[in-house]
Amino acid sequence: MPTRDFLGEFEHLVLLALLRLSDRAYGVTVRQEIESRTNREVSIGAIYATLDRLQAKGYVKSHLGDPTPERGGRSKRFFRVTSKGVAAVNRSHRALQSMTEGLRIVRSYS
Amino acid sequence: MTSQTPFASPPRIATWLVDLFTPDEQAESIPGDLLEEFSQLASKSGVASARRWYWRQSVKTIAHLIATGFRAAPWTILGAVVAGFLLRRFGSALPEHAIELFFDAFPVFAHNHWRVYVFCVTNGFLIGGLLESILIGCIVAAVSKGREMVATITLAALLVALNVVTLVQVARHWPVHLFIPEIVVFIFGNSIMTVMGGAVVRNARSALSRRASPTRC
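Sequence lines, in order, name chains A and B.
Throughout the first sequence, residue numbering follows the working numbering, covering 151 to 260 in sequence.
Throughout the second sequence, residue numbering follows the working numbering, covering 456 to 672 in sequence.
Everything labelled a hint here was simulated from the structure, so no lab data went into it.
Among the hints, a few may not be true.
Distance condition first, Cα-Cα at most 27 Å in a straight line; then the derived DSS-like pairs of lysine-lysine [claimed, not checked]:
| hint | chain 1 | residue 1 | chain 2 | residue 2 |
| --- | --- | --- | --- | --- |
| 1 | B | K499 | A | K211 |
| 2 | B | K499 | B | K515 |
| 3 | B | K515 | A | K211 |
| 4 | A | K207 | B | K515 |
| 5 | A | K207 | B | K600 |
| 6 | B | K499 | B | K600 |
| 7 | A | K234 | A | K211 |
| 8 | A | K207 | A | K234 |
All values derive from a computational prediction rather than experimental measurement.
When you get a sec, could you build the whole thing from the sequences and use the hints?
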């Protein structure tokens with residue numbers, strides 16, 4: 151049995167949001183991207199808990215931007231997906247595709 | 456409905472609570488993100504709606520920060536909680552001893568200030584216990600750097616649970632009224648003071664780190 155770490159559902163969503171947002175990816179934009187595309191209310195705490203976990207796994211990297219007045223002088227923390235993270239997204243995507251292939255029930259529910 | 460709200464500010468208590476629970480490494484990002492989105496919402500949907508959103512986000516974020524705190528430093532938190540519990544267990548009689556020692560050393564004081572003496576022997580132990588709880592909260596917070604609130608809340612929850620279990624056991628054998636003020640203070644007061652001690656240390660550390668990086672408005 152391979153010991154590779156597969157992504158959880160929310161980890162998968164966060165990584166996809168980072169890939170969509172590219173260099174604009176920080177807490178606010180990631181949260182809004184997931185919320186608008188999945189129609190589920192997401193807390194900023196959940197986003198950062200997941201991003202920290204992904205960073206610990208080496209799937210994302212982060213850096214601090216400049217402080218801005220609309221944030222009370224606080225900096226944005228920008229995130230980007232590493233090549234290891236992209237490989238994890240592809241792996242999960244292939245696994246999902248493989249599992250849903252030929253299943254008519256998935257289409258009938260959508 | 457849209458309104459121009461350039462000076463809208465988020466709920467202060469919610470902001471204070473988020474700051475308390477946010478570890479230093481996220482002190483810029485999480486409160487900053489909440490504030491930025493609050494400002495966007497306030498100008499789009501109104502201040503009242505934005506404040507409700509801010510409270511909802513704050514509560515959920517704090518729950519996540521507590522869970523993340525446990526996962527990030529379980530042994531530090533466990534060690535701090537055990538140390539705090541032992542301090543509480545073996546130091547609970549200290550205020551009583553201190554008051555007794557004082558009046559043994561200065562019996563004239565008790566004689567000349569009878570009202571103070573009566574107050575000390577009736578309420579002094581309770582007040583001493585509360586002060587001791589703040590001190591224990593400060594010690595627990597000091598040793599669990601970055602996870603001050605998680606450690607003190609865990610200790611407080613443990614103390615409440617143990618006190619409730621003990622009182623229920625006592626009440627089974629000797630019927631007592633569990634809602635008399637002294638017992639309520641005994642159950643919750645010490646735990647609240649322990650958490651307050653954690654908040655004091657956390658606030659002091661936040662102030663120090665803000666002074667070290669004076670970029671914030």
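Now for the hints, and whether the structure bears them out:
1. About 32 Å separates the Cα atoms of B/K499 and A/K211, which puts this hinted pair outside 27 Å; it is violated.
2. For the proposed pair B/K499 and B/K515, the alpha carbon gap of about 22 Å is at most 27 Å, so the pair holds.
3. As the CA atoms of B/K515 and A/K211 are separated by approximately 25 Å, the hinted pair is consistent with the 27 Å bound.
4. As the CA atoms of A/K207 and B/K515 are separated by approximately 24 Å, the hinted pair is consistent with the 27 Å bound.
5. Distance hint between A/K207 and B/K600 is fulfilled; the C-alpha atoms sit about 24 Å from each other, no more than 27 Å.
6. Distance check on the hinted pair: B/K499 and B/K600 sit about 39 Å apart at the alpha-carbon level, beyond 27 Å; violated.
7. Between A/K234 and A/K211 the alpha-carbon distance is near 11 Å, which keeps this suggested pair within the 27 Å criterion.
8. As the CA atoms of A/K207 and A/K234 are separated by approximately 9 Å, the hinted pair is consistent with the 27 Å bound.
Checked against the numbered hints above, the structure breaks hints 1 and 6 and satisfies the rest.
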